[in-house]
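2 protein chains.
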Amino acid sequence: MRLAELSEHSGVSTATIKYYLREGLLQPGRRISATQAEYGDEHLRRLRLVRALIQLGKMPVATAREVIAAAEDDSLGHHRRLGAATQALSQGREVPADDDPATEAAGRTVNALLEHLGWRHDQEVAEHSPAYRTLVASVAALRRLGYPCGVAQLLPYGRLAAELAVTDLDLVEEEPTPTAQIEAAVALTVLYEPVLLSLRRMAHSEESARRFTGGGKPA
Amino acid sequence: MRLAELSEHSGVSTATIKYYLREGLLQPGRRISATQAEYGDEHLRRLRLVRALIQLGKMPVATAREVIAAAEDDSLGHHRRLGAATQALSQGREVPADDDPATEAAGRTVNALLEHLGWRHDQEVAEHSPAYRTLVASVAALRRLGYPCGVAQLLPYGRLAAELAVTDLDLVEEEPTPTAQIEAAVALTVLYEPVLLSLRRMAHSEESARRFTGGGKPA
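Line by line, the protein sequences give chains A and B. Per full-length UniProt numbering, the first sequence starts with residue 1, numbered consecutively. Per full-length UniProt numbering, the second sequence starts with residue 1, numbered consecutively.
Careful, some of the hints might be misleading.
[What the hints assert, rightly or not] Non-contacting residues of chain A with respect to chain B, defined by C-beta distances greater than 10 Å in every case (computed): (1) Glu8; (2) Thr167; (3) Ala203.
[Unchecked claim] With the Cβ distance kept under 10 Å, some of the chain A side facing chain B (calculated, not the full set): (4) Ile54; (5) Arg108; (6) Asn111; (7) Ala112; (8) Tyr132; (9) Ser138; (10) Leu164; (11) Leu191; (12) Glu193.
[Stated by the list, open to error] A few chain B positions that, by computed beta-carbon distances, are all more than 10 Å from chain A: (13) Lys18; (14) Pro60; (15) Ala70; (16) Ser75; (17) His78; (18) Thr103; (19) Glu163; (20) Arg200; (21) His204; (22) Arg211.
Hint data in this document are derived by calculation from the structure and do not stem from the laboratory. Even glycine gets a Cβ: it sits at the ideal position worked out from N, Cα and C.
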């Protein structure tokens, strides 16, 4: 198909496709004349991945390029390839980390939590992961404001996160190819976040109604 | 205590305290001279609540004023008072709602989900809740991009949200007074969100390692 058709099938504008081509995020088409190139299904698939990384994952172009290179490097194991994508995801509401005693104490709490959960914990990898840093900074913020946030409070959250991860990875594994799995992992990680937060808030309201208005269902 | 001491004990600047006084979010102190007033523990408690609503909950001043009025209205039940606060919380990453077929279909999916979960579901209340609207818009966004998001995929999220709500409300109920409970409900709702999202991302990485690198712990 030509550029215009690629745009139509992918829902990505031709200007954006040209930008992805220039930045090396999309492989060039097969040149059929001085001004025209032919694109195939592999371009459509790549565009889905690029859209997931850049538009949903809000990754900088250079990071997306690395993730795509890892995705196509058959010498890397599948975990490394998926990990390259999901660990590069920044978190929208990242709490800035501090180098103060509260942050150090929070770091010890988080490490104790991971131990309790039995999660493999490579300190060096962890420190480069936005999720780990955000978790430590959030725990420190809760403590500074005087709210309870120790291993006892965090453990139920960690256990439920582990259950969700099983559900999520099952969905990812339904995708047919490694590239599609990486795309789905990024897209589902990001897109299910507002779902989870909304349901938690609705569940609060439901649980509050159960406790404080006498229990049962509305009449 | 004087204004300067109130600032020191609360960690809120005197300029911000004066702003809260002008906006009627903080009750006036007991006037002891033409230029000085005396503040007490009730002002400290109120400042904690205002900080939770405005700084953590990102509520507009007018909304915070309504929540505070509800918090102090003994004629309202506890659920209504807690609900006034938590339902007024906007969501950071609210997805704009559309009036298209995908949104209508998503609304039907969400209603079926709430039925399955056995959550009391007042359609009229729901439509005014930011959490409900965000959920519908997020489901519609997932569908438009071609990712699976039906009752089957949402149900595990809803069940886990319900379990978390029990844990969260237990924490809230440890607070001694209704006002402190409302403050804790807002603060914990907001501050535990990055904790939950970080743990989910770390759990993805953990689950991916288990599945794709042969299971066990690192050597």
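- Message: Could you work out which of the previously given hints the structure breaks and list their numbers from low to high?
- Response: 2, 3, 4, 5, 6, 7, 17, 19, 20, 21 and 22
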